[in-house]
Amino acid sequence: MYRYDEFDHAFVAARVEQFKDQVERRLSGELTEDQFKPLRLMNGVYLQLHAYMLRVAVPYGTLSGRQMRKLGHIARTYDRGYGHFTTRQNIQYNWPALADIPKILDELAEVEMHAMQTSGNCIRNVTADHFSGVAADEVADPRPFAEILRQWSSLHPEFSYLPRKFKIAVTGAEHDRAAIQTHDIGLHLKKNEAGELGFAVYVGGGQGRTPMVAKKIRDFLPAEDLLSYTTAIVRVYNLHGRRDNKYKARIKILVHETGVEELTRQIEAEWQALKESDLKLPQGDIDAIMTYFRPPVLPERPEGWGALAAAKKADAGFAAWVDQNVTPHKNPDYGVVTISLKPIGGIPGDASAEQMELVADIAEKYSQDEIRVSHEQNLVLPHVALADLHAVYELLLADGLATANAGLITDIIACPGLDYCALANARSIPVAQRISERFGAAERQAEIGELKIKISGCINACGHHHVGHIGILGVEKKGEELYQITLGGSADEITTVGEITGRGFSSEEVVDAIEKIVDTYLGLRTSKEENFLAAYRRVGAAPFKEALYGPVSRAA
Amino acid sequence: MTIKVLTANRLTDGEVVWYGADGQWRETIEGVSIARDQEAAAELEAAGKAAMGANLVVDANLIDVEDRGGELYPLRLRERIRISGPTIDFEPRRKPAASAA
Amino acid sequence: MSEATEQNGKHFPEKQLWGREGFRDDPYIEAESLEVAGDAPAVILPLAAWLGLDDDVRRTSNRRIGVFVAPGESIDPLLDKLDTVPLIALQFPAFNDGRSYSKAEILKGRHGFKGELRAVGDVLVDQVVFMLRAGFDTLEVTNPVALKRLSASDLRDTPGYYQPGRGSAKTAGGFSWRRTPAA
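Residue numbers (the UniProt record's numbering), protein chains in the order written: chain R, 1 to 556; chain Y, 1 to 101; chain C, 1 to 183.
In case anyone wonders, no lab produced these hints; they're calculated from the structure.
Positions of the beta carbon are idealized from the N, C-alpha and C atoms, including for glycine.
Treat each hint with caution, since some may be false.
Here are some of the chain R residues that sit facing chain Y, going by a computed Cβ distance under 7 Å [stated by the list, open to error]:
no. : residue
1   : Gly29
2   : Leu98
3   : Asp419
4   : Leu423
Now the stretches of chain R that chain Y is said to cover, found in silico as 3 or more residues with beta-carbon under 8 Å [as the list claims (entries may be wrong)]:
no. : region
5   : 40-53
6   : 68-82
7   : 345-356
8   : 429-440
9   : 473-485
FRET-style restraints, in silico, Cβ to Cβ [as the list claims (entries may be wrong)]:
no. : chain 1 : residue 1 : chain 2 : residue 2 : range
10  : C       : Glu30     : R       : Glu257    : 51 to 59 Å
11  : R       : His256    : C       : Asp157    : 18 to 26 Å
12  : Y       : Ala50     : R       : Val552    : 56 to 64 Å
13  : C       : Pro159    : Y       : Ala42     : 45 to 53 Å
14  : R       : Lys516    : C       : Val145    : 53 to 61 Å
15  : C       : Pro159    : R       : Glu437    : 47 to 55 Å
16  : R       : Ala319    : C       : Pro159    : 52 to 60 Å
17  : R       : Glu257    : Y       : Glu43     : 42 to 50 Å
18  : C       : Gly174    : Y       : Ile83     : 53 to 61 Å
19  : C       : His111    : Y       : Leu75     : 25 to 33 Å
Pulled out of the complex, with its shape left as it was, chain R reads as follows:
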């Protein structure tokens, strides 16, 4: 993991002092809310329905046990005993008092964390594949580059007042778990024929009101050019992105309106002028950052193979959990554990202080002191020896963290929705809970197989509904919540935006509607191997629409 050096410590400490001063001036009345708002937003402080909300950055979703323990401590001391892990690999606290936030930032700084650039029209927390560094299918760990981008984008003098927020995601595997094509910039780390590292560069993805899949503008950018090329992209966007309408201000609209060829030409021209500048990365610096992310030396644990098989035979619940939540590690003696934050009927992404502390303990003891936050709102223990899986499972089980549903229909992404969010039009969490309960039986979930449901409570799409295999968007109509359903979305290497089925459903109807869709899929799939998305791509929307609205002639 990256560790702060003196430079980083001094930088974060200075920012905390700055914000402390700003909060004091706000509380004393020296600053008005209008003056304070942009300042608090630069430090991740929002005002929501019931309270302030503080969003803490978890760079590329990587945490140590000590950091996770601190997050739990903050939840217990300054909040109501829990926190919410987000689709941007961050954590949000729902109830902090403004007066306490400087103290929280002090506590975070102790463990090399902060809340900078978790809001505002700047370059946000850089996200990465949550299986970085351990996935068997990975070419190289993308996190060193995410860290370089994190540093370079921190309080960037040129790019702190962009037309709108700007999100960068990095992956190092062909199978994209970081949803890079839904980001303003998506980077796919790969090797060329000479074995050198570089990036395929995608630009202009995004969700929100106008969902767009990013366009590839470069097939191979040498790693040394990462900062100069990113600067060129963001500069062209800063100069030419729309500022007249906040819904048209993201780079996706600039790509769309300018045309990808012309925009690429502008970016390349800008880059030619920057390529040989101070932004060129010396190999020595890349290597130095990579050193921080060197894979841990994992002791050989071949006894795990037999032990795992025996434990699976003896414990059906454990076997189901291993099959669903443990994925292959580069080292065959080890596995990558997904800790589901989606208990049946629970709140997606929420974790209590106790749970955070438990995960911290387990990570220290069994996972080389490493934890990841996934954009699917789960936690990951990246390096668990197969021989330790059963012990880890038992510990997780005792605190409600062993739900065996990673990637299944109850592993639902949901934004906070109208239960918390000042922007929301409808609730998301209760819908997720009811779907989870409806389909919660283990056999039923297993029968349905891989199915990603994503729910947003407004068109800003924090719940990624556009790219859910089944997406649900809550809107408000005549004072009532209404839910629109989209089908066929996906955020992996073949990213697609889901299609709206038709008229929306009331809160009472929506779970039945989801069930009809699922039953339709079960009835038409060629075999269990054809998952929902594959089946949808084969047959299209028609059978699902008919199931929802009746035969076409009547629906028309």
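Dock chains Y and C against chain R, hints included.
Chains Y and C in isolation, oriented as in the chain R frame:
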């Protein structure tokens, strides 16, 4: 008819508050100051602006409510949720302490 | 320094010009054209008016003729004339309109503009450091808090930067993108 009340979030901790008939900001909607005509609504609006100016509260807004047999019922779900708090069981159940009998 | 002047019973903050060395006198006046500028020795013209001047007039004039550029206007037509521009004023109509930062980078960083680069408009204390690092030499300030803090040399800077930029220095052994404030 719909009537209006004034609500905001308290500056220091963001807590939801309502403007009381006694001119104080209170944490429950009971005893809130009710505007039944435009003139009273304008007075409430002015009170909200003044409280924001005095840095007591932020985001002060007049909201529409109905008097349902003495109970004030906001027309928008958003405002009902601001009264009730999140509609979900959000606070984690705590494991009983080891010493608890 | 007075922070405001009384006019019609309202406080109108006084415009002050500030640079790294502190407040300074501003010889320039803003005018729509040379004709209406009287005999002021230094004038800032809108971009269109400036571009409308004959090259010879600019070169041979005994007055300094600077140019004002709004964020929506392109600086491209200025790029081959930079040696004849004594001052470019880039506008910030609101503090959160960041286009002029990129223009400052292009003018100072890429094209080595030697004249005075000035930030005008909504210049607040929280952005001063960004402006200096993007390449601005002077800031036209009216905001009372900004005036107060600048008078006290209280810029709220960070002890280090994660990007190359003007007014900063590379330190030995640090990552290539890092800088510390120049002494």
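Take the C-beta atom of Pro159(C) and the C-beta atom of Ala42(Y), compute their distance, and say whether it sits inside 45 to 53 Å. For Ala42(Y) against Pro159(C), whose Cβ atoms are near 51 Å apart, the range 45 to 53 Å holds.
message = At least three residues with a C-beta closer than 8 Å to a C-beta of chain Y: is that true for the region 429-440 of chain R?
response = Coverage by chain Y holds for the region 429-440 of chain R (3 residues, Cβ < 8 Å).
Taking the beta carbons of His111(C) and Leu75(Y), is their distance inside 25 to 33 Å?
-> violated (59 Å)
Would you say the region 473-485 of chain R counts as covered by chain Y, given the rule of at least 3 residues with C-beta under 8 Å? holds (count 4)
47 to 55 Å as the expected CB spacing between Glu437(R) and Pro159(C), which holds or is violated: holds (53 Å)
- Could you check the hint for me, namely that Glu257(R) and Glu43(Y) are 42 to 50 Å apart, CB to CB? holds (47 Å)
Verdict for Ala319(R), Pro159(C) (Cβ pair) under range 52 to 60 Å:
Holds, since Ala319(R) and Pro159(C) (Cβ atoms, about 54 Å apart) stay within the stated range.
- Query: Does Gly29(R) pass the interface hint, meaning its C-beta sits closer than 7 Å to a C-beta of chain Y?
  - Reply: holds (4 Å)
Leu423(R) was flagged as interface toward chain Y. Is the shortest Cβ-Cβ separation under 7 Å?
Cβ of Leu423(R) sits 10 Å from chain Y, so the hint is violated.
Outcome, coverage hint (the region 345-356 of chain R, chain Y; C-beta under 8 Å; three residues): holds (count 6)
- Message: Next item in the hint list is Leu98(R). Is there a CB on chain Y closer than 7 Å to its CB?
- Response: Where the cut-off is 7 Å and the nearest Cβ of chain Y is about 6 Å from Leu98(R), the hint holds.
Quiz item: Is 53 to 61 Å right for how far apart the beta carbons of Gly174(C) and Ile83(Y) are?
Solution: Since the Cβ atoms of Gly174(C) and Ile83(Y) sit about 54 Å apart, the hinted range of 53 to 61 Å holds.
Checked against the numbered hints given earlier, this structure breaks hints 4, 10, 11 and 19; the rest are met.
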